[in-house]
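Asks: Using the sequences and the accompanying hints, generate a full structural model.
The primary structure of each chain is shown beneath.
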Amino acid sequence: MERSQLRQLIALRFREALAKRGVVLGEGIESEMALVGSGLDSLGFATLIVQLEDALGCDPFSMSEKLEFPRTFGELVQLYERCVDLE
Amino acid sequence: MMVESLVEALKQREPDCLLWVIGEERLTVGEVLAKVKVWREAHDRFRGRSVRVGRMTSAELALVLCGLDGWASELRLEWDGKVVGLEMGLEEVGGNRELPSGEQTRWLLPTSGTATGVPTWVTHNFSTLTREVKVSSTKGVEWVWGLVYDLRRFAGLQVFLQAMLGGGALAILPEREADQIGVEQLLCGLRDAGVNALSATPTQWRWMLAAAPMKALPLGLVTLGGEAVDQRLLDELGERFPLARLTHIYASTELGVGFSVSDGLSGFSRSFLKGAVPEGRAWRLNEASELERWDSDRKIWQGTGDLVRCEGERCYFRGRKDGQINVGGVNVVPEEVESVALETAGVSMARARGRRNVVTGEVVELLIVSALPTGEASLLEKRVVALCEKRLPRHAVPAVVNVVDVLPMTGTGKMRRI
Numbered sequence: 000m001e002r003s004q005l006r007q008l009i010a011l012r013f014r015e016a017l018a019k020r021g022v023v024l025g026e027g028i029e030s031e032m033a034l035v036g037s038g039l040d041s042l043g044f045a046t047l048i049v050q051l052e053d054a055l056g057c058d059p060f061s062m063s064e065k066l067e068f069p070r071t072f073g074e075l076v077q078l079y080e081r082c083v084d085l086e
Numbered sequence: 000m001m002v003e004s005l006v007e008a009l010k011q012r013e014p015d016c017l018l019w020v021i022g023e024e025r026l027t028v029g030e031v032l033a034k035v036k037v038w039r040e041a042h043d044r045f046r047g048r049s050v051r052v053g054r055m056t057s058a059e060l061a062l063v064l065c066g067l068d069g070w071a072s073e074l075r076l077e078w079d080g081k082v083v084g085l086e087m088g089l090e091e092v093g094g095n096r097e098l099p100s101g102e103q104t105r106w107l108l109p110t111s112g113t114a115t116g117v118p119t120w121v122t123h124n125f126s127t128l129t130r131e132v133k134v135s136s137t138k139g140v141e142w143v144w145g146l147v148y149d150l151r152r153f154a155g156l157q158v159f160l161q162a163m164l165g166g167g168a169l170a171i172l173p174e175r176e177a178d179q180i181g182v183e184q185l186l187c188g189l190r191d192a193g194v195n196a197l198s199a200t201p202t203q204w205r206w207m208l209a210a211a212p213m214k215a216l217p218l219g220l221v222t223l224g225g226e227a228v229d230q231r232l233l234d235e236l237g238e239r240f241p242l243a244r245l246t247h248i249y250a251s252t253e254l255g256v257g258f259s260v261s262d263g264l265s266g267f268s269r270s271f272l273k274g275a276v277p278e279g280r281a282w283r284l285n286e287a288s289e290l291e292r293w294d295s296d297r298k299i300w301q302g303t304g305d306l307v308r309c310e311g312e313r314c315y316f317r318g319r320k321d322g323q324i325n326v327g328g329v330n331v332v333p334e335e336v337e338s339v340a341l342e343t344a345g346v347s348m349a350r351a352r353g354r355r356n357v358v359t360g361e362v363v364e365l366l367i368v369s370a371l372p373t374g375e376a377s378l379l380e381k382r383v384v385a386l387c388e389k390r391l392p393r394h395a396v397p398a399v400v401n402v403v404d405v406l407p408m409t410g411t412g413k414m415r416r417i
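Just so you know, the sequences run in chain order A and B.
Start counting the first sequence at 0; every next residue gets the next number (numbering that gives the first Met the number 0).
Start counting the second sequence at 0; every next residue gets the next number (numbering that gives the first Met the number 0).
Since the hints were made in silico from the structure, they are not lab data.
C-beta: ideal position from N, C-alpha, C; glycine also.
Treat each hint with caution, since some may be false.
Claimed, not checked - Beta-carbon label-pair distances, calculated as ranges:
(1) A/Met0 x B/Thr246: 42 to 50 Å
(2) B/Ser259 x A/Glu1: 49 to 57 Å
(3) B/Ser347 x A/Ala18: 50 to 58 Å
(4) B/Gly22 x A/Ala10: 36 to 44 Å
(5) B/Met1 x A/Lys65: 46 to 54 Å
(6) A/Gln7 x B/Asp234: 33 to 41 Å
(7) B/Arg382 x A/Lys65: 33 to 41 Å
Replies: Below is the structure:
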């Protein structure tokens, strides 16, 4: 998978998750966009990472020793870049 | 004199002590008691009656609970409107007598895990609800408890009662009602209310830890309950709040408060199983690894439905015997998800199960067998989710739906729960 494809896929799922909470995003998603303040809640975020695990075959959170969630959309993408095989 | 109701308990406290912080409003014990008196005068028709308590804000509910306890013969705390279809407000459903002196109001609480069905009622009263509440008029005075649970649920009631009886105050955030409130807004509200004691599910804690304003909360008491706690979360909380007393509680609506653990480790000590705990109650594991509690009234061992595995001297919760899925502290009955899925045209078999994740512990994963031609399967997934969203509470809606050829079966031909 290419880096840009990965980002697109995460953005799509993120958009869908927010839409279920009644939040509609504009055109692009900035890397700096906050995750926790975006309108997503814990259940929405849990759903997102389970869906991404099915789509990408990896769950970066289960591999980590420490409990730490990404703060921004960009950090979320970086986490997946580290666990998905990129071309 | 034995205290038999909320109002009697409040009368034992200093009237000038702060009791409720509701947004900008700050009420002392004396002011709350005066409000309860006015409420009772305006609702005299509920005296001695059995009363259904419908949907209302937490601040209204707090007052209604004080008004009805020790005054109505019975109060039935309905679940949320989506489940029982209850309208707003209060409704009398029977009873026509004065509450005899010395008799306590019956509290009927619905058990969780009743996504679509009729709730099962569990009976409590002031004594059983407050059994584990540490009553003190002086010691607890420094604590301002934040209410982040739903006040209708057992855990929410415990926070409410601990603040009311324990000598401290309770902060209720009016904005919380919308359920749309972001976690950052929630934390700012708690901070502004002066909250320094907080009880929440592990899922809520993880989500709050991810938010920036969490740093500004000066917590001295950190309590977790409603789902199993993992070591990663306890370590993180210990690091963020080094001076706080960290406690995780094993409790349920049916059981009341079971036991609490404060040694900073997940799970509980095996020594809990060897005999009586301080309250004189005892626990053991049966052959199926289910935790059983000694029922001292009926003199029998009673199953809790919770499965436990011990490793060395430590024991850990490992899910429910009946396959119930715990999504962030909310129990989901798999059969109820399956029955909605099976109503979708094109679904011939369905199986709901828990799928692990780091945020909410579990989410619902649904496996379906399609009766449609291949190619239309992806459409089917969307249709099932759409129907579930319409019919089930949010936590019960499958996070993922997978179309499979066959469902896993057991040797006896029963569908296997994993």
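Asks: Does each hint fit the structure? Answer for all of them.
Replies: Verification of the supplied hints:
Against the hinted window of 42 to 50 Å, the Cβ-Cβ separation of A/Met0 and B/Thr246 comes to about 45 Å, which satisfies the hint. For B/Ser259 and A/Glu1, the hinted distance range of 49 to 57 Å is satisfied, since their beta carbons lie about 51 Å from each other. Our hint of 50 to 58 Å for B/Ser347 and A/Ala18 is violated, since their Cβ atoms are close to 30 Å apart. As the Cβ distance of B/Gly22 to A/Ala10 is approximately 37 Å, the hint placing it in 36 to 44 Å holds.
Separated by about 49 Å at the C-beta atoms, B/Met1 and A/Lys65 satisfy the suggested range of 46 to 54 Å. Take A/Gln7 and B/Asp234: their Cβ atoms lie about 35 Å apart, and the range 33 to 41 Å holds. A C-beta distance of roughly 40 Å is found between B/Arg382 and A/Lys65, which places it inside the suggested range of 33 to 41 Å.
Checked against the numbered hints given earlier, the structure breaks only hint 3 and satisfies all the rest.
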